[in-house]
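Fit chains F, Y and W with the ligands to the supplied structure of chain L, relying on the hints for placement.
Protein chains in written order, with our numbering: chain L, 384 to 653; chain F, 384 to 653; chain Y, 191 to 498; chain W, 191 to 498.
No lab work stands behind these hints: they were computed from the structure.
Keep in mind that a hint or two might mislead.
As the list claims (entries may be wrong) - Pairwise CB distance ranges (calculated):
hint	chain 1	residue 1	chain 2	residue 2	range
1	W	Pro316	F	Thr397	32 to 40 Å
2	L	Thr486	W	Arg277	36 to 44 Å
3	W	Gly368	L	Glu482	57 to 65 Å
4	W	Gly420	L	Arg605	54 to 62 Å
5	Y	Trp271	W	Gly368	54 to 62 Å
6	L	Glu646	W	Arg486	29 to 37 Å
7	W	Gly368	Y	Asp359	26 to 34 Å
To be verified - Which bits of chain L does chain Y cover? Going by a derived footprint, with three or more residues having C-beta under 8 Å, they are:
hint	region
8	441–448
9	554–562
10	607–616
All values reported here derive from a predicted model rather than from experimental measurement.
By construction, the Cβ of each residue, glycine as well, lies at the ideal position given by its N, Cα and C atoms.
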Amino acid sequence: MLSAGSDVAVGRATPVSRRAALLSTRLVARDTWWQEFDCPDIAAAALPGQFVMLGVGLDEPGAWLLPRPFSVGWTGPGGEVGILLRAYGQGTRALARLEVGQTALLLGPLGRPFDTAGADVECVAGGVGLAPFIFLAAREAAAGRRVRLIYGERDAGAVFDPALIARLTDHDPELFTEDGSAGRKGLVTAGLDPASRALLLGCGPTPLLRALAAFAREHGRRLQVSVEEHMGCGIGTCQGCVVRGADGRWVKACIEGSVFPAEELDWGAI
Amino acid sequence: MLSAGSDVAVGRATPVSRRAALLSTRLVARDTWWQEFDCPDIAAAALPGQFVMLGVGLDEPGAWLLPRPFSVGWTGPGGEVGILLRAYGQGTRALARLEVGQTALLLGPLGRPFDTAGADVECVAGGVGLAPFIFLAAREAAAGRRVRLIYGERDAGAVFDPALIARLTDHDPELFTEDGSAGRKGLVTAGLDPASRALLLGCGPTPLLRALAAFAREHGRRLQVSVEEHMGCGIGTCQGCVVRGADGRWVKACIEGSVFPAEELDWGAI
Amino acid sequence: MFGAEFPSPVLLASGTCGYGQEYADLIPLDEIGGLVTKAVSLEPRPGNPPHRVAETPGGMINAIGLENPGLRGFIAEKLPWLREHLRRAQVFVNVVGHSAEDFAAVVRGLDGEDGFLGYEINVSCPNVKGGTMFGTDERALADLVTRLRGCTERPLVIKLTPNVPDVGDFARICEEAGADGLSAINTFPGMVVDIGRREPLIGNRSGGVSGPAILPMGVYATWRARQTCGLPIMGIGGIRNAEDALQYILAGACLVQVGTASFVDPGAAVDVHEGISKFLAANGVARLEDLVGALRSRPGTGPAIPAG
Amino acid sequence: MFGAEFPSPVLLASGTCGYGQEYADLIPLDEIGGLVTKAVSLEPRPGNPPHRVAETPGGMINAIGLENPGLRGFIAEKLPWLREHLRRAQVFVNVVGHSAEDFAAVVRGLDGEDGFLGYEINVSCPNVKGGTMFGTDERALADLVTRLRGCTERPLVIKLTPNVPDVGDFARICEEAGADGLSAINTFPGMVVDIGRREPLIGNRSGGVSGPAILPMGVYATWRARQTCGLPIMGIGGIRNAEDALQYILAGACLVQVGTASFVDPGAAVDVHEGISKFLAANGVARLEDLVGALRSRPGTGPAIPAG
Ligand SMILES: Cc1cc2nc3c(=O)[nH]c(=O)nc-3n(C[C@H](O)[C@H](O)[C@H](O)COP(=O)(O)OP(=O)(O)OC[C@H]3O[C@@H](n4cnc5c(N)ncnc54)[C@H](O)[C@@H]3O)c2cc1C
Ligand SMILES: Cc1cc2nc3c(=O)[nH]c(=O)nc-3n(C[C@H](O)[C@H](O)[C@H](O)COP(=O)(O)OP(=O)(O)OC[C@H]3O[C@@H](n4cnc5c(N)ncnc54)[C@H](O)[C@@H]3O)c2cc1C
Ligand SMILES: Cc1cc2nc3c(=O)[nH]c(=O)nc-3n(C[C@H](O)[C@H](O)[C@H](O)COP(=O)(O)O)c2cc1C
Ligand SMILES: Cc1cc2nc3c(=O)[nH]c(=O)nc-3n(C[C@H](O)[C@H](O)[C@H](O)COP(=O)(O)O)c2cc1C
Ligand code: FES
Ligand code: FES
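Okay, chain L solo, but in the shape it has when bound (with noise of 0.2 Å):
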């Protein structure tokens, strides 16, 4: 099958552009904000595990960029659409530069939720990768049920104001990070519980997925990961996201992903 195409989409919630306002902007570790954008549409239909693609639009012909994809970090009740961007090359740096009150172009939401469906979830985070769990977190904790939240950074600079994301979603996440500065030290991997039969949930950066994998298969866990790659249209047409699918075809990140049950992805090449 070389042409999933977007029948994988069926049933999700149809895609939307939309020129938002952000209604606010907070510098909630280094380098990294948390922006809520006011999108109803979007907020009323996104699932924890989708994302949304993010830019500048056309208006401005002097300001070039291509759209970034974020994970929809949490909706709120009024219609916002929050995002945890940490600024990383020229476009991020960008976004991270709007200000209240300014527009952007919002394009979600896309890609495969996480299919949690009832289960006992343990959400594993490292660095932003938190973003989607706070999503889901918060939908859960709306739901009254819980879920085990495990989250590394680097060191303390990094690590996402507790305070705020303990108000988003009433949880409190283990905290993990490598140097020791904050929470536990070592790597978020050294939260996993291997008697656990939990529901595996996975983001952030590639090494941290593939430790994940390896720990899934070693313990006959189920796996669910966010990947990234980098993207054109972030709906299926361009064809620039792909990652290596188990079959060896090419699947797209933005369309049959983000989120893949880890037995779908070639671990060898990811």
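Okay, now just chains F, Y and W with the ligands, sitting in the frame of chain L:
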């Protein structure tokens, strides 16, 4: 002489390139801002009729903008360089959005200044062509001399706040608008006095300069004009900014001008 | 144009709109001029390893590797949707091959089907026989167009590559060999180096550069093509707004295609059309055709020298 | 390199620094690698009518028309300043002509003079004999280089035009004909239309596009040239900062030139050098040469397909 080169610049201050903070910006007419930059080197050296190349530099690789030429509109005692900036196309629109505290790159002072040498002076300004005459009038006022200042705009909405002009220059321009919505109705050339023998200085759109050249020829008046042409470097190296000289050769507006005695130009080709 | 009505002069460019379906939810597809499909080859193509896309200054680079479901897959999985859902928008099928036989087989295989207007032939593709691209080899191009002309009576549009000393020569060759129209231009070969890893950023090493960065090159190519031949031209390259599109139209294009800009704003093609209509109204131009190629020469213009 | 010491791997590109003098007040010229003069032709050239320059998306377009004081004017008015004022910075004279005789006459006329290191031959210029550019015509280029090789023992650098199907072919030709080095690349032909006036914005109608917009194309050309020949390469096109320059260096350039970016910031070439030095220190690279052409291939990389 094909290669006038930089020998024409002998005796002028050497241009410098400086990153300068925007001290203040003020909307003074429709689409028109008065910006003051903190740039003591250029403030100290600039002469009326000279200009600066103003741009944002290369620090933000996503924001590409070639610098644009602007007349020095005023220099303040604290090292301020004032610019009268009208948003026209993409570049000027971007520059108009600079905010106080942000920096821009200024290259200057550039070009040949007006050469008034104590003569009686009549300045004829069309639109933002007013800028160099604010500078000139302020300097003359400081030296206890007065110039005649005739200033034309399309309509009242385009007119630079007269109170600010008065404050900066201690002069009160004679105002014309094409639709009569402010000052006298008519083109600025209606203010010309055929009986006067004063040195004429002109700055503004090319049709105005052409009309001035015709007037000066007809009445045997000395005239200097500041011409506009697209510029690459502003310092004489790229040969991008030529206008047709009276002798048929291309003259560089950035270094042989931008102020030219009218008789140095080929008015049939400008 | 091409014996058909175009609801708008603005189409979506090949490779940037898939086979239409995903855009149908985002924009009123039947109000734009139409779309050009992703390239269709005889056999399915798996495409290149990632990364396949990245931003470049004022543009982007892509090396998708012509991933597509092949002729049969296209007919089975993609064409039915186009046939059923598009009433007014016109469809060109972008065709690619590694030999003239490949191209001809795709065109013959499609020609009996409904649901599209004509072909856009993507000659920016290595010719396994000649070693060069079809689009940069005068003889190979002439042969290819002649051959395809024999396979179809539908509109046959050749998509020029800018990667030649003079696009005008290739435009003329297409006309002489029987093409019905031209698309100008495809992407420029480029490379981005990941200096941290000391590797090419793009999986395929090199890729094609598109976006606003190539706008003046596309306008120039359109103007050159218009000078050497009389075929209708679809202008492509870096179009973001009506002003960009009107540059192409004045240079000689009768239709335009929006590619990369749709990634930045899916509504770009709709907005370009709206902006063109406003421009026509504001300037008292009755029909867009009055602007096609209506570039005046500047007084005192000498012969064109490209650079320096 | 070229039998000389370069105080920095960063030079100023031809046409963007005049003959050096104006920059001497703005930047410490002797701390950069050197400069390439504006093109020098046998006879003085008046150049094109305005507008000669304009901004384009991510770049600029220019059509100066090679305005220059000619061989004698250059020797009398420009060379003395270079001779007297530059102690360490290296100078290449950019040479242009409409026939091989023209080029040869300039080189012969200059070869006895002091004050410069070598020649950069600008072949992006129409050949009045052949009708094409030297830089896009394999035979004309080979003949030109062979001929110039016979006129001088100084470093002979050929500046490639990207306007060809494969720059690699032309790089190899230059090497075989006896060149000492390559500059890659010159500008791309482009056009900007003033839609209000319905005229080309540029007096010469078309012009050459430079600036960041062409960065990936220049890096690609450098990489191709490096694959087909062993000559030292000066990388040019869109360089704004050390990261851009390092892309060229990893792709195969041993020196780089900064052009359009100097208009945006006259200090660009100085900053690029500083940034390169910092990168070397931060990454424990002893000598820049260790990075030249040190591009690794990505695991799983197939054959290069330019686009789609
Ligand atoms: C599904 C998905 C969800 C994401 N969610 C978040 C999030 O919630 N918060 C967050 O801070 N970041 C998130 N990212 C990563 C974010 O998209 C990248 O950091 C961003 O694209 C980098 O852009 P840049 O211009 O700063 O980097 P540059 O390196 O300057 O970008 C150059 C090019 O590479 C691409 N690129 C570089 N890194 C990545 C990457 N990791 N993923 C995709 N494209 C990349 C860019 O799109 C661009 O085309 C997510 C990525 C994906 C795919
Ligand atoms: C010596 C001199 C002094 C000037 N002083 C002032 C001043 O004090 N206040 C003010 O508001 N404007 C002044 N201008 C005009 C100002 O430089 C232009 O309005 C500006 O360059 C237009 O840029 P843009 O991006 O808005 O226009 P666009 O049309 O988008 O620019 C496209 C290109 O054309 C060039 N260009 C367009 N119009 C002009 C023009 N009139 N002059 C030069 N280049 C142009 C731009 O540099 C750019 O390369 C002066 C121009 C010159 C030459
Ligand atoms: C991701 C991507 C894929 C493309 N695929 C094709 C293709 O399959 N066939 C083709 O002829 N052109 C292809 N192109 C080229 C575009 O159709 C268009 O010619 C080019 O991008 C220039 O237009 P733009 O600047 O508006 O994008 C592709 C372009 C992009 C960005
Ligand atoms: C205004 C201008 C004039 C130029 N003149 C010449 C020239 O005379 N000879 C030449 O070989 N290249 C000339 N070039 C090309 C540059 O040397 C350089 O190859 C090109 O601009 C790409 O580099 P950049 O993107 O850093 O500007 C000129 C470029 C510009 C912008
Ligand atoms: S980003 Fe375009 S197909 Fe996935
Ligand atoms: S602007 Fe470069 S020479 Fe005048």
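Claimed coverage, the region 554–562 of chain L by chain Y - three or more beta carbons nearer than 8 Å: violated (count 0)
For the hint 26 to 34 Å, verify it against the beta carbon of Gly368 (chain W) and that of Asp359 (chain Y). Holds, at about 30 Å.
Closer than 8 Å, Cβ to Cβ, for at least three residues: run that test on the region 607–616 of chain L against chain Y and report holds or violated. holds (count 5)
Given the range 29 to 37 Å, decide if the beta-carbon distance of Glu646 (chain L) to Arg486 (chain W) lies inside it. holds, 31 Å
Per the coverage rule (Cβ-Cβ under 8 Å, at least three residues), is the region 441–448 of chain L covered by chain Y? Our answer is that it holds, as 4 residues pass the Cβ test (under 8 Å) against chain Y, meeting three.
Given the range 54 to 62 Å, decide if the beta-carbon distance of Gly420 (chain W) to Arg605 (chain L) lies inside it. Once the Cβ atoms are compared, 56 Å apart, the range 54 to 62 Å for Arg605 (chain L) and Gly420 (chain W) holds.
Range agreement (Cβ of Glu482 (chain L) with Cβ of Gly368 (chain W), hint 57 to 65 Å): Given about 59 Å between the Cβ atoms, the range holds.
Do Thr486 (chain L) and Arg277 (chain W) keep their Cβ atoms within the hinted range of 36 to 44 Å? violated, 55 Å
For the pair Pro316 (chain W) and Thr397 (chain F), does the Cβ-Cβ distance stay inside 32 to 40 Å? Given range 32 to 40 Å: holds, Cβ gap about 39 Å.
Is the gap between the beta carbons of Trp271 (chain Y) and Gly368 (chain W) within 54 to 62 Å? holds, 60 Å
Checked against the numbered hints listed earlier, the structure breaks hints 2, 9; every other hint is satisfied.
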